[in-house]
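For the protein sequence lines, the chains are A and P, in the order given.
Residue 486 is where the first sequence ends in UniProt numbering, and the numbering goes up by one at each step.
Residue 617 is where the second sequence ends in UniProt numbering, and the numbering goes up by one at each step.
The hints are simulated quantities; they were obtained by calculation from the structure and are not laboratory data.
Glycine is no exception: its CB is placed at the ideal position from the N, C-alpha and C atoms.
Some hints could be false.
[Unchecked claim] A short, non-exhaustive set of chain A residues, derived as facing chain P with CB atoms under 8 Å:
1. 286
2. 328
3. 332
[What the hints assert, rightly or not] Under the rule of at most 30 Å between Cα atoms (straight-line distance), these lysine-lysine pairs were calculated in the DSSO-like manner:
4. P:353 x A:372
5. P:201 x A:204
6. P:365 x A:438
7. P:273 x A:324
8. P:357 x A:33
9. P:354 x P:258
10. A:237 x P:413
11. A:409 x P:354
12. A:409 x P:273
13. A:33 x P:504
14. P:357 x A:360
15. A:274 x P:413
16. P:353 x A:360
17. A:409 x P:353
18. A:180 x P:208
19. A:33 x P:284
20. A:237 x P:90
21. A:360 x P:273
22. A:231 x P:68
23. A:204 x P:112
24. P:357 x A:409
25. P:72 x A:231
26. P:504 x A:438
27. P:353 x A:324
28. A:320 x P:112
29. P:72 x A:268
30. P:208 x A:33
31. P:357 x A:394
32. P:19 x A:268
33. P:365 x A:409
34. A:438 x P:353
35. P:335 x A:33
36. A:209 x P:90
37. A:360 x P:354
[Claimed, not checked] From chain P, some residues computed to sit far from chain A (all C-beta separations above 10 Å):
38. 5
39. 8
40. 53
Below are the chains, spelled out letter by letter.
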Amino acid sequence: MNRTKGDEEEYWNSSKFKAFTFDDEDDELSQLKESKRAVNSLRDFVDDDDEDDLERVSWTGEPVGSISWSIKETAGNSGSSHEREQLKNRNSFSTYTQLPKPPSTYSLSSFFRGRWCPSQSLACSFAALSDTPAKSYAPELGRPKGEYREYRKWSSSLHTSSIFIWQVCSLERFRSLQDKIQLLEEAVSMHDGNVITAVLIFLKRTLSKEILFRELEVRQVALRHLIHFLKEIGDQKLLLDLFRFLDRTEELALSHYREHLTIQDPEKRKEFLKTCIGLPFSAEDSAHIQDHYTLLERQIIIEANDRHLELAGQTEVFRKHPRKASILNMPLVTTLFYSCFYHYTEAEVRATRRRKIPDKQYVLTALAARAKLRAWHDVDALFTTKNWLGYTKKRAPIGFHRVVEILHKNSAPVQILQEYVNLVEDVDTKLNLATKFKCHDVVIDTCRDLKDRQQLLAYRSKVDKGSAEEEKIDALLNSSQIRWKN
Amino acid sequence: MAFPHRPDAPELPDFSMLKRLARDQLIYLLEQLPGKKDLFIEADLMSPLDRIANVSILKQHEVDKLYKVENKPALSSSEQLCFLVRPRIKNMRYIASLVNADKMAGRTRKYKVIFSPQKFYACEMVLEEEGVYGDVSCDEWAFSLLPLDVDLLSMELPEFFRDYFLEGDQRWINTLAQALHLLSTLYGPFPNCYGIGRCAKMSYELWKRLEEEEDGETKGRRPEIGQIFLLDRDVDFVTALCSQVVYEGLVDDTFRIKCGSVDFGPEVTSSDKSLKVLLNAEDKVFNEIRNEHFSNVFSFLSQKARNLQAQYDRRRGMDIKQMKNFVSQELKGLKQEHRLLSLHIGACESIMKKKTKQDFQELIKTEHALLEGFNIRESTSYIEEHIDRQVSPIESLRLMCLLSITENGLIPKDYRSLKTQYLQSYGPEHLLTFSNLRRAGLLTEQAPGDTLTAVESKVSKLVTDKAAGKITDAFSSLAKRSNFRAISKKLNLIPRVDGEYDLKVPRDMAYVFSGAYVPLSCRIIEQVLERRGWQGLDEVVRLLNCSELAFTDMTKDDKASSESLRLILVVFLGGCTFSEISALRFLGREKGYRFIFLTTAVTNSARLMEAMSEVKA
Chain A
1 MNRTKGDEEE
11 YWNSSKFKAF
21 TFDDEDDELS
31 QLKESKRAVN
41 SLRDFVDDDD
51 EDDLERVSWT
61 GEPVGSISWS
71 IKETAGNSGS
81 SHEREQLKNR
91 NSFSTYTQLP
101 KPPSTYSLSS
111 FFRGRWCPSQ
121 SLACSFAALS
131 DTPAKSYAPE
141 LGRPKGEYRE
151 YRKWSSSLHT
161 SSIFIWQVCS
171 LERFRSLQDK
181 IQLLEEAVSM
191 HDGNVITAVL
201 IFLKRTLSKE
211 ILFRELEVRQ
221 VALRHLIHFL
231 KEIGDQKLLL
241 DLFRFLDRTE
251 ELALSHYREH
261 LTIQDPEKRK
271 EFLKTCIGLP
281 FSAEDSAHIQ
291 DHYTLLERQI
301 IIEANDRHLE
311 LAGQTEVFRK
321 HPRKASILNM
331 PLVTTLFYSC
341 FYHYTEAEVR
351 ATRRRKIPDK
361 QYVLTALAAR
371 AKLRAWHDVD
381 ALFTTKNWLG
391 YTKKRAPIGF
401 HRVVEILHKN
411 SAPVQILQEY
421 VNLVEDVDTK
431 LNLATKFKCH
441 DVVIDTCRDL
451 KDRQQLLAYR
461 SKVDKGSAEE
471 EKIDALLNSS
481 QIRWKN
Chain P
1 MAFPHRPDAP
11 ELPDFSMLKR
21 LARDQLIYLL
31 EQLPGKKDLF
41 IEADLMSPLD
51 RIANVSILKQ
61 HEVDKLYKVE
71 NKPALSSSEQ
81 LCFLVRPRIK
91 NMRYIASLVN
101 ADKMAGRTRK
111 YKVIFSPQKF
121 YACEMVLEEE
131 GVYGDVSCDE
141 WAFSLLPLDV
151 DLLSMELPEF
161 FRDYFLEGDQ
171 RWINTLAQAL
181 HLLSTLYGPF
191 PNCYGIGRCA
201 KMSYELWKRL
211 EEEEDGETKG
221 RRPEIGQIFL
231 LDRDVDFVTA
241 LCSQVVYEGL
251 VDDTFRIKCG
261 SVDFGPEVTS
271 SDKSLKVLLN
281 AEDKVFNEIR
291 NEHFSNVFSF
301 LSQKARNLQA
311 QYDRRRGMDI
321 KQMKNFVSQE
331 LKGLKQEHRL
341 LSLHIGACES
351 IMKKKTKQDF
361 QELIKTEHAL
371 LEGFNIREST
381 SYIEEHIDRQ
391 VSPIESLRLM
401 CLLSITENGL
411 IPKDYRSLKT
421 QYLQSYGPEH
431 LLTFSNLRRA
441 GLLTEQAPGD
451 TLTAVESKVS
461 KLVTDKAAGK
471 ITDAFSSLAK
481 RSNFRAISKK
491 LNLIPRVDGE
501 YDLKVPRDMA
511 YVFSGAYVPL
521 SCRIIEQVLE
531 RRGWQGLDEV
541 VRLLNCSELA
551 FTDMTKDDKA
561 SSESLRLILV
571 VFLGGCTFSE
581 ISALRFLGRE
591 KGYRFIFLTT
601 AVTNSARLME
611 AMSEVKA
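All chains should be built: construct the whole structure from the sequences, respecting the hints.
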């Protein structure tokens, strides 16, 4: 399935996708900016006119007179008559033109003649079984108006959905198991989920759950409807019984676990998660559940401790950087970030880290946290390793190009950026990053090392006039020591 | 730019009739509760309702105040309350609690619930259980087809996707069949029908049964829309999971088009307010760029801007009379164009900024590598890094799904490690999301001893052969191999191009993904239309796990004109993306077809992922 290396290179070197890049700021954006200037230059001329022809829009951006707008209005005012008056007035100049009454060109009645039954045979069998004559489905008609005549017919014919059958024909007639099952199978064969659920509700009421479950086990379509129905009405107990009966242990466990989402109180949630630990999850998921529990347990301790620290106002980091939100129920990585931010030197970081966080992810998170605090010394330490001879060496499991990007995002000073740009191994990437982040010395030195006079010359125009960088470039360009390649 | 249709392309039917029908039926229902009443509207129904009615129409029918249905006690003092809701259990509980609170306070009012597009028995059951069944009258508002554009009808039912493709609930099949029935009543009959997918097949069968019950009202009529194609979303998840790069898709991915309109924030409008903008064929600027690859949009807009400038410049050197003419005849149009132009330029700029920031180029490169199936290791570590850096949870999930489907599941080692890192980055409760994705077949693990197979064989031993067949069937629908690579090869989804793919002059539907991939769904439709059926596609159908689920139904007596045969209704069950719409519009222009799209909702990768997510953001 995988192609050889050669193929790949050929692929990326072929120019197929070079037609347009989202990185290509220079070309595309300038075009866009130019159009924008052109259009904006016209604005003065256009805006001095009244804008009657434009849709009138309220400050939220909803068109005035729209329903969404009106609901916001009702929500905004508590219904005083004065405000209502205002609302009325505003509506009166709503720009929506009133739509004309429908001309009765189309005769709907001719379309929708006759009554539809989803399954004639079934309907007949119901009719035969039912003592009460099928009451006709006639909605109480209020004030019949001429213009509605068509719709009354429409609503009583086409619109009669299949459920109508179930209302007029009492399902209570189906008492033998055989009848019930036949009813269910007939419902399934009609494909209408609403009807299937209707029959299931009836069966649930009139069959013991063992019998119901047993019959559904071999009727998967109906079974899925029952499961969804139980989830929707929140009959957790019956749902768990059903999974237990079906021996679907994983779904049983997950279904139980889902309940924790509804528990707000952190202590109670923690206790609930504890009950989930022994459930029959897959081995892999069991570990995740255990992790979830210990994470929350840890967070509760941190939260109590830090809230106290913050209120006391003695700790510098909390004073300088007040917490924006509680750490409760945050993901592990966020918790790690939090720990690296507020408790970097303490055992907290190590405790969080012990939770099987891969090295890469740890470095990314710690770097972001320490960089945000501008703790460059910590950043440095993060990448420094000592070999067995005691020499120090810089290593980054995420690649130094990523390090540079993260540092830049946290507005690290040029000196710091420079140091890490220099550590990027690939020369092209290094040059790109250095140019992007204006690390002049790196660009200049790299050009010198590459003996690329042309590029250096080009770069000269990008540095400030009369700056030290310009001098440095000039010195290099005039140097006779270097054997330029171009 | 904006290629014209072939001169012989058929005209689109006028779908505004659907809006009128819906509005009039709503008015009829409101009149069923005579007198002043307050109307409570479910949030999800507000935008669709806005598209067919407005406040003054409601006021004319004695609606006094409007409220949003939310879980708060009602402040309304009206004697009559009317609720306009989707058939959902939580709505029923809310209404029941209102009614019961009134009862406790000794207050009597009239209550009416209007379900849209239909009511469910389970909802009535809840009303019954809560003891308010007789106190509340129920009605249905069969508003299930909203014309969002001249060629796009939406059912506005995003929950269709989760309900069917995750939970296996068939509740919306009847709604869909009714909608098709309505269409065939108004614009039918449809002589040729094709479809693929289990849901498509069931909907088709139910729809046909509806038609049979009718006494052939449409039989004598000449067909307007000659062909209809039904397609399940799970036949092609890949396309829906890709990043979109045609303008309309990109606007949807970036700003979220909701019910045919978009909220452009201050960064787009370059003022301090947001603006709600309708995006459809009536927006002349938008209409010309909506189907274009994003790279073409800039040059188009700058050309437009220059033209506009020139038009305005003409007024210099005009005499009074000419100026008067200019102001009265042209100015309004120019102003409108100016407004639209500056909006779309603002939108482009904002998209560029966002995409550059998130390293879109790298992302697209990874997606293309996944689609082509090489460099899997590199893509996997790209995804891993995405997760480690806590880049948007939805995006990470989407990439994992794309990897899974294109590779027939993740190898167990990768699955474990990605899942673990995902839970660590975005929260342990996403365990539930992973379980959902596995059930839907979106994110699976390549496993030799599949657990499902074990259950299957165990169950089979217990029951008769016939029932066992049914079970196997049911299981296979949930956990099937995607076989994407083989399908891609068979259908030639990855165009081999020498040299540059010119996105300005697209040569095939692959342009919607920068020339890298022809959307599978659209390719299937193209092939079937060309072959007028599934002949010769057996292998593809088998690889799609749809052997029993691909169908053709051609009417014998051929009254259909060649023009109507080139008007094709495509029905997407579970949602379609703007990229697919653009691709088919392109195909239409090439072949002289016109496509009409009917979708349960317009979707994109983020919406699909959110539907699977158990944890609300």
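To see whether the hints hold, each was checked on the structure:
1. At its closest, the beta carbon of residue 286 (chain A) sits 11 Å from a beta carbon of chain P; the interface hint therefore is violated under the 8 Å criterion.
2. Against a cut-off of 8 Å between C-beta atoms, the interface hint on residue 328 (chain A) is violated, since the closest Cβ of chain P lies about 12 Å away.
3. At a threshold of 8 Å, the smallest CB-CB gap from residue 332 (chain A) to chain P is about 4 Å, leaving the interface hint in force.
4. With a C-alpha separation of about 23 Å, the suggested pairing of residue 353 (chain P) with residue 372 (chain A) holds against the 30 Å cut-off.
5. Among the hinted pairs, residue 201 (chain P) with residue 204 (chain A) is consistent with the structure: their alpha-carbon atoms are about 29 Å apart, no more than 30 Å.
6. Restraint check: the Cα-Cα separation between residue 365 (chain P) and residue 438 (chain A) comes to about 27 Å, which is no more than 30 Å; the hinted pair holds.
7. A threshold of 30 Å between alpha carbons decides the hint, and for residue 273 (chain P) with residue 324 (chain A) the separation of about 28 Å falls inside it, so the pair holds.
8. For the suggested pair residue 357 (chain P) and residue 33 (chain A), the alpha carbons sit about 18 Å apart, so the restraint of at most 30 Å is met.
9. Pair hint residue 354 (chain P) plus residue 258 (chain P) holds up; C-alpha atoms about 20 Å apart against a cutoff of 30 Å.
10. Under the criterion of a C-alpha separation no larger than 30 Å, the hint pairing residue 237 (chain A) with residue 413 (chain P) is inconsistent with the structure, at around 36 Å.
11. Pair hint residue 409 (chain A) plus residue 354 (chain P) holds up; C-alpha atoms about 15 Å apart against a cutoff of 30 Å.
12. Restraint check for residue 409 (chain A) and residue 273 (chain P): the C-alpha separation of about 29 Å stays at or below 30 Å, so the hint holds.
13. A hinted pair counts as satisfied when its Cα atoms are at most 30 Å apart, and residue 33 (chain A) with residue 504 (chain P) qualifies at roughly 21 Å.
14. For the given pair, residue 357 (chain P) sits about 22 Å from residue 360 (chain A) by alpha-carbon distance, which is consistent with the 30 Å threshold.
15. Only pairs whose Cα atoms come within 30 Å are accepted, and residue 274 (chain A) paired with residue 413 (chain P) is accepted, the gap being roughly 28 Å.
16. Restraint check: the Cα-Cα separation between residue 353 (chain P) and residue 360 (chain A) comes to about 28 Å, which is no more than 30 Å; the hinted pair holds.
17. With a CA separation close to 16 Å, the supplied pair residue 409 (chain A) and residue 353 (chain P) stays within the 30 Å bound.
18. Simply put, residue 180 (chain A) and residue 208 (chain P) have alpha-carbon atoms about 26 Å apart, close enough for the 30 Å limit, and the pair holds.
19. Taking the CA atoms of residue 33 (chain A) and residue 284 (chain P), the gap is near 21 Å; set against the 30 Å cutoff, the hint holds.
20. Distance check on the hinted pair: residue 237 (chain A) and residue 90 (chain P) sit about 19 Å apart at the alpha-carbon level, within 30 Å; holds.
21. Of the pairs offered as hints, the one joining residue 360 (chain A) and residue 273 (chain P) is violated, with about 43 Å between alpha carbons and a cut-off of 30 Å exceeded.
22. As the CA atoms of residue 231 (chain A) and residue 68 (chain P) are separated by approximately 25 Å, the hinted pair is consistent with the 30 Å bound.
23. At roughly 29 Å between alpha-carbon atoms, residue 204 (chain A) and residue 112 (chain P) fall within 30 Å of each other, so this suggested pair holds.
24. Of the pairs offered as hints, the one joining residue 357 (chain P) and residue 409 (chain A) holds, with about 11 Å between alpha carbons and a cut-off of 30 Å not exceeded.
25. For the hint pairing residue 72 (chain P) with residue 231 (chain A), the CA-to-CA distance comes to about 23 Å; that is within 30 Å, so the pair holds.
26. As the CA atoms of residue 504 (chain P) and residue 438 (chain A) are separated by approximately 36 Å, the hinted pair breaks the 30 Å bound.
27. This hinted pair checks out: residue 353 (chain P) and residue 324 (chain A) have alpha carbons roughly 27 Å apart, not beyond 30 Å.
28. For the hint linking residue 320 (chain A) to residue 112 (chain P), the alpha-carbon distance of about 57 Å lies beyond 30 Å, and the restraint is violated.
29. A distance of roughly 26 Å separates the Cα atoms of residue 72 (chain P) and residue 268 (chain A); the hinted pair therefore holds under the 30 Å criterion.
30. Pair hint residue 208 (chain P) plus residue 33 (chain A) does not hold up; C-alpha atoms about 55 Å apart against a cutoff of 30 Å.
31. Taken as a hint, the residue 357 (chain P) and residue 394 (chain A) pair is honoured in the structure, with Cα atoms around 28 Å apart against an allowance of 30 Å.
32. Straight-line distance between C-alpha atoms of residue 19 (chain P) and residue 268 (chain A) comes to about 51 Å, which puts the hinted pair past the 30 Å bound.
33. At roughly 23 Å between alpha-carbon atoms, residue 365 (chain P) and residue 409 (chain A) fall within 30 Å of each other, so this suggested pair holds.
34. The hinted pair formed by residue 438 (chain A) and residue 353 (chain P) meets the criterion: a straight-line CA distance of about 20 Å does not exceed 30 Å.
35. A C-alpha spacing of about 20 Å is found between residue 335 (chain P) and residue 33 (chain A), which places the hinted pair at or below 30 Å, so the restraint holds.
36. In summary, the hint linking residue 209 (chain A) to residue 90 (chain P) is supported, as the alpha carbons are separated by about 25 Å, within the 30 Å threshold.
37. With a C-alpha separation of about 26 Å, the suggested pairing of residue 360 (chain A) with residue 354 (chain P) holds against the 30 Å cut-off.
38. The claim that residue 5 (chain P) is not at the interface with chain A holds, since no C-beta of that chain comes within 10 Å of its own (minimum 26 Å).
39. Distance check for residue 8 (chain P) against chain A: the nearest CB is about 28 Å away, which clears 10 Å, and the non-interface claim stands.
40. Look at residue 53 (chain P): its CB is around 7 Å from the nearest CB on chain A, not clear of 10 Å, so calling it non-interface is violated.
The earlier numbered hints that this structure contradicts are 1, 2, 10, 21, 26, 28, 30, 32, 40.
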